[in-house]
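Asks: Residue-level listing of the chains:
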Amino acid sequence: MVNELRYLTESASQTAGPYVHIGLAPNAAGFDIFEKHFGNVLAGPDTKGERIRIEGRVIDGAGTPLRDALIELWQANAAGKYNHPADRQNKAVDPSFRGFGRACSDFQSGVFAFETIKPGAVMGRNGMPMAPHVNLWIVARGINVGLSTRMYFSDEQEANAADPVLNLIEWEERRKTLIGVREQHAGKVVYRFDIHLQGPEETVFFDV
Amino acid sequence: MESENARYGDYMQRDRSVHPPALTPQYKTSVLRSPAKPLIALQSSLSEITGPVFASAEIGPRDNDLIMNYAKDGLPIGERIVVHGYVLDQHGHGVPHALVEVWQANAGGRYRHRKDNYIAPIDPNFGGCGRTLTDRDGHYVYRTIKPGPYPWRNGINDWRPAHIHYSISGTAWAQRLVTQMYFEGDPLIALCPIVHTIPDEESIRSLIAPLDKGAAIQLDSLAYRFDIVVRGARATWFESATPQDAPMERE
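Residue numbers (this note's numbering), protein chains in the order written: chain A, 1 to 208; chain B, 1 to 251.
Derived from the structure by calculation, the hints contain no laboratory data. One or more hints might be untrue.
[As the list claims (entries may be wrong)] Straight-line C-alpha distance at most 20 Å; calculated SDA-like pairs for lysine to any residue:
1) B:37 / A:36
2) A:36 / B:68
3) B:37 / B:68
[Stated by the list, open to error] Stretches of chain A that chain B covers, calculated by requiring three or more beta carbons in the stretch to come under 8 Å of a beta carbon on chain B:
4) 113-122
5) 155-162
[Claimed, not checked] Chain A is nowhere near these chain B residues, computed Cβ spacing over 10 Å in every case:
6) 13
7) 51
8) 59
9) 107
10) 125
11) 131
12) 142
13) 200
14) 204
15) 222
16) 225
Glycine included, C-beta positions come from ideal geometry on N, C-alpha and C.
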């Protein structure tokens with residue numbers, strides 16, 4: 001016999017189901033129960049950085065946008081610093097920016113959106129900087145384990161070309177599935193980012 | 001908010017064999033919503049070992065009391081229960097300040113949701129959602145009404161066992177988890193296509209909460225105990241010797 005290893009097993013995931021909104025975004029579901037909400041507006045009046053909107057849809061294998069998905073976003077601030085004690089980069093936290101948001105697919109159109117700021121570059125492993133990106137996590141009915149992905153920015157071509165995570169993806173064509181496309185709408189900067197669950201344009205998802 | 005109990009570092013690889021695969025045809029909705037291509041494995045970076053930090057000031061005093069947090073002109077109908085347990089990491093350490101969010105149907109099996117049109121009535125005094133932060137030891141507790149089972153369109157006679165949905169936000173983005181808690185003794189567990197998306201019987205058992213009579217509030221509420229395990233961080237004992245020594249990403 002040898003010493004016994006006593007690691008616990010992670011609890012199994014189960015789908016968030018069709019009613020995820022009442023649990024995680026009751027306000028967005030038109031349900032007034034809590035005083036404070038975790039919504040899709042990340043940037044306040046004092047937040048530093050370029051104001052952007054991230055807008056997209058989550059699309060199933062039949063080409064239909066999901067109208068019951070919940071998407072979470074986690075990102076660094078404009079200086080490329082996460083508001084978290086494990087980020088020991090020598091950069092300042094922005095006290096007006098947590099970097100976390102939750103959005104629901106619209107019940108009719110399937111469009112989700114975040115109002116935020118463009119993050120700065122964060123240092124990656126082995127001293128290789130990562131291109132600016134936001135981290136996304138998607139749950140819905142029919143998704144058994146939450147899906148993790150990233151959105152990078154189309155106007156950061158040089159940084160994207162050197163990004164250690166994008167470069168992990170052997171199929172260069174698939175890297176495009178992680179690039180939000182910068183557009184201007186009525187003077188506002190919008191990054192368009194559709195997430196494809198299946199098909200030829202299937203988004204790259206990560207085992208993080 | 002730096003907590004003396006919090007642990008940071010690379011996360012151990014997720015053991016996918018204890019989770020449902022993406023494609024589970026017996027749960028029909030997964031068929032068109034399951035990625036078909038393999039996930040790309042990432043070593044933890046700052047993007048994964050960090051995550052949103054929640055403050056107790058964001059949680060209202062009644063957010064973890066589902067019996068009272070939507071009561072209008074009386075108490076909700078149903079069995080009064082307390083649910084409690086620990087959020088642990090894979091080392092068995094409690095995860096402090098984890099955000100635990102729960103949502104559920106009422107005693108008749110009906111959700112307060114615009115898309116739920118089951119014949120069982122809405123309970124005017126029951127909302128069906130709650131949330132709390134774990135304490136410094138990783139413990140959480142909430143009070144609610146035991147949810148009822150309900151039919152759902154998958155097979156024409158498929159029924160969900162009584163369950164409470166859970167969402168756990170731990171110390172890090174890499175720990176993010178949603179799951180469901182079931183109740184000891186429910187015969188519908190063995191018949192549920194969603195439960196059985198999980199291939200591993202032991203993993204299914206760990207989602208079934210036992211009656212915890214010791215924690216019952218005498219003459220008031222029964223109790224169930226439900227511990228949840230999220231991924232554990234590997235302690236950072238050694239840094240890599242050279243900054244460029246780990247480009248093993250390609251085969």
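Asks: Taking the hints in turn, state whether each one holds.
Replies: Structure-based check of each hint:
1. Distance hint between residue 37 (chain B) and residue 36 (chain A) is unfulfilled; the C-alpha atoms sit about 38 Å from each other, more than 20 Å.
2. Our distance criterion of 20 Å between C-alpha atoms is met by residue 36 (chain A) and residue 68 (chain B), whose separation comes to about 17 Å.
3. With a C-alpha separation of about 46 Å, the suggested pairing of residue 37 (chain B) with residue 68 (chain B) is violated against the 20 Å cut-off.
4. Coverage of the region 113-122 of chain A by chain B is violated [criterion: at least 3 residues with CB-CB distance below 8 Å; count 1].
5. Three residues within the 8 Å Cβ limit are the bar, and the region 155-162 of chain A against chain B gives 0, so the coverage statement is violated.
6. Listed as outside the interface, residue 13 (chain B) is inconsistent with that label: its C-beta sits roughly 8 Å from the nearest C-beta of chain A, within the 10 Å cut-off.
7. Distance check for residue 51 (chain B) against chain A: the nearest CB is about 6 Å away, which does not clear 10 Å, and the non-interface claim fails.
8. For residue 59 (chain B), the requirement that its beta carbon stay farther than 10 Å from each beta carbon of chain A is not met, with the minimum near 8 Å.
9. For residue 107 (chain B), the shortest C-beta to C-beta distance to chain A comes to about 16 Å, beyond the 10 Å cut-off, and the non-interface label holds.
10. Every C-beta of chain A lies more than 10 Å from that of residue 125 (chain B), the closest at about 12 Å, which supports listing it as non-interface.
11. With a least CB separation of 7 Å from chain A, residue 131 (chain B) falls inside the 10 Å interface cut-off, contrary to its annotation.
12. For residue 142 (chain B), the shortest C-beta to C-beta distance to chain A comes to about 12 Å, beyond the 10 Å cut-off, and the non-interface label holds.
13. In this structure residue 200 (chain B) is not separated from chain A by more than 10 Å, as the shortest Cβ-Cβ distance comes to only about 7 Å.
14. For residue 204 (chain B), the condition that its CB be more than 10 Å from all CB atoms of chain A is violated, with the nearest at approximately 7 Å.
15. No Cβ of chain A comes within 10 Å of the Cβ of residue 222 (chain B); the nearest lies about 23 Å off, and the non-interface call holds.
16. Separation of residue 225 (chain B) from chain A is adequate, the least Cβ-Cβ distance of about 14 Å exceeding the 10 Å criterion.
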